[in-house]
Structure formats: structure tokens, C-alpha cells
Amino acid sequence: GAGVSQTPSNKVTEKGKYVELRCDPISGHTALYWYRQSLGQGPEFLIYFQGTGAADDSGLPNDRFFAVRPEGSVSTLKIQRTERGDSAVYLCASSLTPGEVDTQYFGPGTRLTVL
Amino acid sequence: DQQVKQNSPSLSVQEGRISILNCDYTNSMFDYFLWYKKYPAEGPTFLISISSIKDKNEDGRFTVFLNKSAKHLSLHIVPSQPGDSAVYFCAASEGSNYKLTFGKGTLLTVNP
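Residue numbers (our numbering), protein chains in the order written: chain W, 273 to 387; chain F, 8 to 119.
No wet-lab data here; the hints were simulated from the structure.
What you are looking at is a predicted structure, and each value in this text was computed from that prediction instead of being measured.
Idealized CB from N, CA, C, for every residue including glycine.
Be aware that a few hints might be false.
[Claimed, not checked] Quick look at which bits of chain F chain W covers, simulated, 3 or more residues with Cβ under 8 Å:
| hint | segment |
| --- | --- |
| 1 | 48 to 62 |
| 2 | 110 to 117 |
[What the hints assert, rightly or not] No more than 16 Å apart at the CA atoms, straight line, and that leaves these computed lysine to aspartate or glutamate pairs for EDC-like:
| hint | chain 1 | residue 1 | chain 2 | residue 2 |
| --- | --- | --- | --- | --- |
| 3 | F | Lys12 | F | Asp31 |
| 4 | F | Lys75 | F | Asp38 |
| 5 | W | Lys289 | W | Asp335 |
| 6 | W | Lys350 | W | Glu292 |
| 7 | F | Lys111 | F | Asp8 |
| 8 | F | Lys106 | W | Glu316 |
| 9 | W | Lys350 | W | Glu286 |
| 10 | F | Lys106 | W | Asp329 |
| 11 | F | Lys106 | W | Asp328 |
| 12 | F | Lys12 | W | Glu316 |
| 13 | F | Lys78 | F | Asp62 |
| 14 | F | Lys111 | W | Glu316 |
| 15 | F | Lys78 | F | Glu101 |
| 16 | W | Lys289 | W | Glu355 |
| 17 | W | Lys289 | W | Asp358 |
Please model the entire structure based on the sequences and the hints provided.
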């Protein structure tokens, strides 16, 4: 069956621009997570959605970052006024049973490069 | 401040031998631990987990050992196969909390 998909796979943008990263979770998964993996680091938690609402956005680094999931399926991570330090791989994961860590299925990620 | 540490960036072993990947943590509130495997251009894939009420969990060729007093866990792969070559991440959470804290990963290379 289809796994978690993320588009685009690569995004190159200029400092100060706005970007949107999309995540399509596994069908039927109600929980969705965003992580960020910087070079040489492990993934870091950004935000968790249960259904349409952001249940925990404590990992978002600042107010330039925002994420939505309007219909409880596809999610979009939005970054305003991008900075070079935002360059990283952005990973999305979904799970069927909210809160059970070992059922998080990850997508391949979007590699964001800010020039 | 790294709460989950994988101090070996890389490890190389011969096919058929044992691979041992290590992980240390500092947060005593962590009580659930996981290992993920990641191939290039793919997302992390869940491998095996262990709760703090256990000291060992085994799944086929993969065994995870937990030493709570030392705040240390290890992943044993035996026998190692070339297809096991990947980056392995150790992760931890408090209870069944969805929020995972990852280490930096260890690149395992299994040589034929």
C-alpha cells in the first residue's frame, strides 16, 4: 500500500522567500507529525496533529514556521522569510493510533536548501 | 544539550559478524526507547523498541538491551548482512508520548 508521501522531494529557495512543504499521510492515519533533520543531526520534533488540530506545536522554532491540516489528512508546513539556517530535511510521519510512538511511519522527506 | 547520544558516528563490520550500536541518554524521565534504520533518500523505518520495565527485547536478528542504571542501551545485530548497511538512530520518549528525541545516528557498514 501507499506510504507517507512528501512533495517536493527537493526545494531550493532564496533567503527571505516563502515555502510550502506538503505531506500526504497514510490513508486512515489520524495522527501526523513533522520533524526536521539538520545536517549531522537526528530528527527533531516540530509539531503534532491529531485530526485537524495541532495538538502540540512546541517544537516549532519560531513564528516563521506554521503548519496546517485543514481536512485532517494532507498537511502543509509553511515557512515565511526563510533563512539559511532553515536548510534541512523536513520529515513527516503519520500513525494510526495517536500517541503510540512505534507506529510512526515516516515519509522520505523534503530537502530544503536556502541560498 | 543532547539528551540522547550516539557517540560513534560510524561502525564497520564484516558480514556474518555481530554489530553492536550504542546509545546513552541523560533524561531519567525517558522510559521508552526505539531504534530506527534509515537508508539514503528514505525516511526512518522503525526497527525495534523496548520499555523501561524490560532489559531486553529480541526480534529475529535484532536485540535491544537496556541498562537503566547506566542510562545506556545497545542494539545487537547478528548475523550482520550487507543489507543492514544504513544509518541507525536511537530515539527515546517519556511514556508513550508521541514526541521522539533522537540521537545523531550511527552509520553502519557491513562489508561482504
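Fill in: Hint check against the structure, violated hint numbers in rising order
Violated: none.
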